[in-house]
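The listed protein sequences derive, respectively, from chains A and B. Count along the first sequence starting at 1, add 12, and that's the number in my numbering. Count along the second sequence starting at 1, add 17, and that's the number in my numbering.
Quick caveat, the hints were computed from the structure, so don't treat them as lab data. Any given hint might turn out to be false.
Computed list of lysine-lysine pairs in DSS-like fashion (alpha-carbon distance at most 25 Å, straight line) [stated by the list, open to error]:
id: 1; chain 1: A; residue 1: Lys29; chain 2: A; residue 2: Lys59
id: 2; chain 1: A; residue 1: Lys200; chain 2: A; residue 2: Lys270
id: 3; chain 1: B; residue 1: Lys204; chain 2: A; residue 2: Lys289
id: 4; chain 1: A; residue 1: Lys289; chain 2: A; residue 2: Lys200
id: 5; chain 1: B; residue 1: Lys246; chain 2: A; residue 2: Lys114
id: 6; chain 1: B; residue 1: Lys103; chain 2: A; residue 2: Lys200
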Amino acid sequence: MSDELPQVWIDETKLRKRSRRDFLLFGAGTLAAMAGLWWIAPVSSKKRVLGEHTTDFLDTVAARTGLSNDRSERFLNRALTFDDDIAEALYSPNRTVRTYSKRDITPLRNNYEGRTPSPAYLETWTLTLAGLASGSDVILRQPDLARFAQHEQVTRLCCVEGWSAIAGWSGIRFSDLLRAYPPANGAKWAAMESSVNLDGRGNPDPYYVSIDLPTAHHPQALLATHLNGHPLGTDHGAPLRLVVPMKLGLKNIKAITKIGYVAEEPRDFWGERGYSKYDGL
Amino acid sequence: MDSEEPVVDVPVVAEEVPAAEPIAEEPPPAEVVVEEVVDPHAGQRLVVVKHHALVRLSHWLNVPILFGMIVSGLSIYWASPVFLHKPDPVTHSRDYLADLGIAIARHVPGATADPFWFYNHFGLGVFNLAGGLRWHWLFVYLFIANGILYLLGLILGRGYRALLPRRSMLGESLAMVRYYAGVVPMKIARRPWPHPTITTKYNALQRGAYASMPIAGALAIASGWAMHKPVQLWWLERMFGSYDGARIVHFIVMIYFVLFLIPHLILVLVDGWDTMRSMIVGWSTRLGGAE
Chain A
13 MSDELPQVWI DETKLRKRSR RDFLLFGAGT LAAMAGLWWI APVSSKKRVL
63 GEHTTDFLDT VAARTGLSND RSERFLNRAL TFDDDIAEAL YSPNRTVRTY
113 SKRDITPLRN NYEGRTPSPA YLETWTLTLA GLASGSDVIL RQPDLARFAQ
163 HEQVTRLCCV EGWSAIAGWS GIRFSDLLRA YPPANGAKWA AMESSVNLDG
213 RGNPDPYYVS IDLPTAHHPQ ALLATHLNGH PLGTDHGAPL RLVVPMKLGL
263 KNIKAITKIG YVAEEPRDFW GERGYSKYDG L
Chain B
18 MDSEEPVVDV PVVAEEVPAA EPIAEEPPPA EVVVEEVVDP HAGQRLVVVK
68 HHALVRLSHW LNVPILFGMI VSGLSIYWAS PVFLHKPDPV THSRDYLADL
118 GIAIARHVPG ATADPFWFYN HFGLGVFNLA GGLRWHWLFV YLFIANGILY
168 LLGLILGRGY RALLPRRSML GESLAMVRYY AGVVPMKIAR RPWPHPTITT
218 KYNALQRGAY ASMPIAGALA IASGWAMHKP VQLWWLERMF GSYDGARIVH
268 FIVMIYFVLF LIPHLILVLV DGWDTMRSMI VGWSTRLGGA E
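Bound-form chain B, shown alone (with noise of 0.2 Å):
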């Protein structure tokens, strides 16, 4: 949530402060004045400059657009589902969300097995195939004018550079998901287990992940229009191979956001209020660069 002015435009100072220079981590309290000596930066901090306003706010609006988007979604595919399998002997299902709300609602206390189950607690209801796509439609108009939000902040605050594929990549993720697989066993073992040196904003597990969200972005909203528009926009239809194979992708790439989402904030969490806050205000004080 940001407007007018970014932290961004703040002038570069052309000082080269040394980052490991603890004076750089917490910088003396304005009333200790050192005398003789004039600190040029009394009573300034240095940051790191983070997110450009706009990639703030359009990460922000994501959180209710893609709520409204993936509520009414699962409405407008209770009315047909794509993802079937022979009728169930017991339940009549031959729907596998239905099938997971009568597995979900098994174990809920109070609740009997409804095959709506699902539909009715995480979508805008059952029988609402017009709302859903009421609501679909006014979150769409959002979630492309979002992205293109996105996309701006990324040029203008030159993020884009943190999410360009670099050459060094695999061997980095691969180092990644070693730390990552090591650090529970590590801890119990009580052996030292160091985080891989990285210099950039993100590791290159991260760098993929939110490189992915964009292109993950665009193939919703491209599946969805290939659906939407078969007839009008039928060269988009056939780049999904068929009306049901652009189904097919606009769920996965659901489902990847709704993945995405728990890694996403694990790692928020394990990284600290730092990592937090710089996505609210922009800056972060950590100087060393990426965690």
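So here's chain A without its partners, still in its complex pose (with noise of 0.2 Å):
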């Protein structure tokens, strides 16, 4: 018999010691297990199953041992950033990004963060570029972005939820741009923002993301003015959007009011709400 086990004669007192150790290293592990769970456990859920009370308690104990809330949302996000680098290892700047034809294209949902902004922003529209070569900045509108060669592309959108759709976009790359208007020395991402976004009640809440320089000029980065052949509507971004299909769906920012290049990581909207600041798919 191939796997027929191994039968052996052992003391009897080291067979006992030996149990004994491997089953208080059990139980030992078994706490730890149910300790460290317990600590990197979100508040709400811990209130729910120990109840304010004890949760409280518990978290007054862990927190003299040093243990606190803060140190363990510092550990998750570590371990955020460990996915995040393990991305960018994996990332590969010559690789495009699969392509379809306009028959896979699939109904794109409107996932504004917030409440769609009514179309009157449109008139008065403009793209302010900063941190640029010249020194200056610079204001666009929407007939400057008419010269540049326009170019469509069929990608697909996959959101941070879990869905994705297929969608045509045109509009002009994003390198196009950055030759148009070249970056001052050093700086080594775009910094991008929607003024125009608003929160669920309907106020003012700027939308901001940034991806590194090196993604902006990938050749499938699009600022696109158009959605399946079609002007952008308001619930999709006009008349600009960010359409990057190698980063997740909320990176692809609607209604782009300013570019700013710049050298150190800007602040993420999303980052500053627990999720990656990365974002590569």
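Two independent chains are provided; combine them into the complex using the hints.
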């Protein structure tokens, strides 16, 4: 029998000692695992399981031993940045994102964070470019964008929530804009902002994300003006939105009003809300 | 939970001891010294070496790791369910898991029919996509590392031999299914119902179930990465057909893990303390082989 189990004679005392050691390790491991899971659990979940009072008590005890909620947050954020580092290592700037045929196009959900702005802003819309090599800011209007070569691509947008949709985009290449208005020396990031973004109640709530300049130079990084052959509606970021199919949907900022080139990694709307800042697919 | 010194490295004593000999089952207490006849194994015990230390360690580490993966996974799934139906006219739910939550909540005293009930009680909470993702990434790297420990343990302890498929598996599986199906009726009819003779570590059904675990683990990891990095690892996504294909495989594997737990726990309870203990200490006193 190829998988017959080996039988051995072992001193009773030795066997007892080892078994005791294993059981002690097992018990210690169980306790450690439970403590660890509890430590990194969200406060709301802890309160639901243990009740308000017990949770507060245990949190105080943990904080006294240095295991504060703050440190648990930092620990979990390290898991996030570790995953980002792996993603960065997998990324190749030369890899083209898969493109589809127009037959594959699927309906695209309007996933505006907050409320869809009313079209009133379109009349006065401008795009400000800051952090340029020329030293002064440039303000672009819609006709200025029409001067650039137009490109078309059918790519997939993947949302962090788990859904994805295939859409046909056309507009100008980010790399063409970078060539026309080169960033200042030492700039590593493109910080993008939409000042027309609204919160759930309809109040102004600027949206801001950033991508690294190598990603902005990718030939499939598009500043789109059209969706499926029609000018963008306000629901999909009229008059200009970012399309970066190598990043999660939340990086594809709608209704861009400002692009600033900076040396340090800028703040990120979703990064400040517990998500990754890298979001590479 | 074990460390540097696995039980397996005890040198195998060449002496052949017939397994049927009662002395092997219960060796005489050390004080009873049979005069004149010197027992070479006085004060010793014959045990079967069952699980390598790394296999035991990774087995138990799987408990908190899979727990973390599944609860955080449910919070991620909540944000965009993939198993959907037409909206229910009453609850407006399109999500089977939300339906399950509503159905359970109806039978829980004091709870109202809440579509979030399932996610709230079995996940990291609703509206906690960011928290769910952080947990998921933390535990997936632990899961991968643990899988490597398990494979190492299988190789070092030669446990893989008990998992490889065999020619006789199909017939033995049928015998086991027949046996399990008959256990309760025969007990009621008070008729003898002998367990099929098994001479290996696991019976064919166990062999199949345990061997499927590392495969399911690999599938879970592969389908997870297919949807985590569908652009850089485009070939992985292609393997699963599509983005949603990878999601569906991912959830089916998760359900398989959960379903596996039920017979796994029942069989350990039925099998007794020796089986449970052997996963902690590594050895068993059942010299006949499998149960």
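Hints, verified against the model:
1. At roughly 41 Å between alpha-carbon atoms, A:Lys29 and A:Lys59 are farther apart than 25 Å, so this suggested pair is violated.
2. At most 25 Å may separate the alpha-carbon atoms for a hinted pair to count; A:Lys200 and A:Lys270 meet this at roughly 16 Å.
3. A hinted pair counts as satisfied when its Cα atoms are at most 25 Å apart, and B:Lys204 with A:Lys289 does not qualify at roughly 62 Å.
4. Our distance criterion of 25 Å between C-alpha atoms is met by A:Lys289 and A:Lys200, whose separation comes to about 15 Å.
5. Pair hint B:Lys246 plus A:Lys114 holds up; C-alpha atoms about 24 Å apart against a cutoff of 25 Å.
6. In summary, the hint linking B:Lys103 to A:Lys200 is not supported, as the alpha carbons are separated by about 47 Å, beyond the 25 Å threshold.
Figure legend: structure checked against the earlier numbered hints; hints not met, in rising order: 1, 3 and 6.
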